[in-house]
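Asker: Listed below, chain by chain, are the residues.
2 protein chains.
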Amino acid sequence: MTRAELTQNILRKKSYLCVGLDTDITKIPVHLLKAEDPVFEFNRQIIEATQEYCVAYKPNLAFYESLGPNGLLTLEKTMKVIPENIFTIADAKRGDIGNTSEMYARTFYDYYHFDSVTVAPYMGKDSVTPFLREGKWVILLALTSNAGSMDFQLSEICSPVTGKEEKLYEHVLRTSQKWGTAEEMMYVVGATHPDLLSSIRKIIPDHFLLVPGVGAQGGSLQEVSASGLNDHVGLLVNSSRQIIYASSAEDFADAARNEAKKIAAEMNLILEKRFS
Amino acid sequence: MTRAELTQNILRKKSYLCVGLDTDITKIPVHLLKAEDPVFEFNRQIIEATQEYCVAYKPNLAFYESLGPNGLLTLEKTMKVIPENIFTIADAKRGDIGNTSEMYARTFYDYYHFDSVTVAPYMGKDSVTPFLREGKWVILLALTSNAGSMDFQLSEICSPVTGKEEKLYEHVLRTSQKWGTAEEMMYVVGATHPDLLSSIRKIIPDHFLLVPGVGAQGGSLQEVSASGLNDHVGLLVNSSRQIIYASSAEDFADAARNEAKKIAAEMNLILEKRFS
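Chains as they are written, first to last, in the numbering used here: chain A, 1 to 276; chain B, 1 to 276.
Hints were generated in silico from the structure; no laboratory data involved. Certain hints may be false.
Each pair may be met inside one copy or between any two copies, as identical chains are not told apart.
Pairs of lysine-lysine, BS3-like flavour, derived with a Cα cap of 25 Å [stated by the list, open to error]:
id : residue 1 : residue 2
1  : K125      : K167
2  : K77       : K136
3  : K178      : K167
4  : K262      : K13
Model the full structure from these sequences, guided by the hints.
Answerer: Written as structure tokens, this is what we have:
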């Protein structure tokens with residue numbers, strides 16, 4: 001999917017919501033456990049209920065892998081019920097030496113047909129560029145939403161590029177934006193750092209940001225949108241647990257729809273203010 | 001497996017060789033393609049041929065994942081033919097927010113029964129500690145063997161711990177060694193940086209190091225061992241392609257055995273000099 005198509009989808013649906021499919025078999029409604037593949041049945045109903053209100057789905061690979069090979073079969077089936085025009089993100093946080101990143105790229109692009117993969121930057125350029133491919137997207141970790149983002153991402157480094165002190169995540173942004181264009185790279189910036197979003201936008205004005213951490217992790221949609229939106233929208237805001245576990249009873253899909261609808265309505269107002 | 005057990009295995013076998021199972025279906029001998037599961041058949045024969053000369057096996061997850069759910073079935077079967085007393089490493093380079101790293105830990109420890117997982121440090125403490133578990137090991141990336149290790153790992157940062165300038169990988173070593181003991185954490189240090197191994201040993205004198213990059217990537221076993229060995233040996237040196245693809249003909253297992261035997265013989269001499 002191209003950036004223009006993604007932006008069009010957002011403006012048409014009036015939503016930049018990404019629904020995180022962190023489906024945990026111990027958290028899904030009990031009545032689904034009778035299904036042949038409970039996690040798939042849960043995902044199928046969540047996707048059916050929320051697709052009107054979101055523009056992206058983000059399966060979290062760990063949740064599927066923890067069930068062994070069958071979990072990956074569930075992922076494969078899940079990918080097939082996501083509508084063609086909805087952007088898909090393999091939230092996998094991969095990154096390895098070149099020949100290995102290339103294998104991961106084949107996994108997510110060729111086998112499961114994802115549009116994008118989240119990638120960790122620690123191993124540098126040759127661990128990231130194998131994920132660049134026409135029509136596909138690298139979503140590179142910059143500043144994550146967790147407490148551990150303070151341990152290294154916020155370390156002050158002396159930049160060999162600018163000669164000035166900057167945080168490691170800023171160095172990652174400045175360095176990596178030379179590896180690919182804003183038409184093929186996005187960045188993960190957690191909603192738990194809204195104060196830093198404006199300065200991030202100065203470094204990468206054009207790129208899409210994938211923003212986790214709204215909802216269960218405490219980030220605010222209003223704050224993120226105020227500093228994060230750019231002229232092509234440039235934001236995908238993820239919500240996982242708040243939507244998919246909105247109810248643990250038989251009405252889980254309706255509850256998820258309502259939650260997604262509520263967030264999309266808030267996004268609609270924000271987009272109207274900015275783009276009309 | 002405890003550190004004492006690992007050290008004992010090394011001294012008994014007179015080898016600190018780890019064989020990397022980066023099994024690529026396009027590179028295995030053609031006659032195996034008739035087997036029901038060619039990658040498993042290749043692994044089974046490689047393991048049978050090399051187990052006398054190595055103390056660890058390191059399947060590279062990307063190679064199995066690229067084949068979809070069936071690739072993970074192959075991994076599962078492969079794990080079952082690795083002898084109990086050989087250390088197993090899931091080379092997965094994972095790391096995510098706490099609940100997700102916990103899912104990955106379950107994947108590799110509970111489902112596939114690995115002894116250890118390689119973990120990327122970028123997301124900090126709460127992305128790493130879910131992999132700490134009794135009898136299991138976190139193998140944290142410090143200084144990797146690829147060219148991209150220069151991009152961020154060698155960046156100069158102003159350490160909040162020491163107040164002095166240090167490289168990012170040194171900061172990762174100093175910070176992360178407070179998260180777990182040398183009985184449950186190891187570090188990845190690429191053989192392509194032999195000049196830095198002595199200073200790494202000053203920061204982490206006790207930890208085991210997993211050293212990739214000998215062989216195909218150009219690192220030297222002699223150099224790595226001279227600066228890397230400590231009083232509990234403290235080294236696992238990995239070789240993948242050099243061993244498993246030593247021959248692409250029907251004699252591949254014999255060729256792999258000879259290659260492993262040759263490396264182990266060199267290790268034997270090094271260990272005799274140091275530990276007798």
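Asker: Does each hint hold? Answer for all of them.
Answerer: Going down the list of hints, with the structure as the test:
1. K125 to K167: both (18 Å within a copy, 18 Å between copies)
2. K77 to K136: For K77 and K136, only the intra-copy Cα distance (20 Å) is at most 25 Å; the inter-copy one is 33 Å.
3. K178 to K167: Both, since 18 Å and 22 Å are each at most 25 Å.
4. K262 to K13: within (13 Å within a copy, 63 Å between copies)
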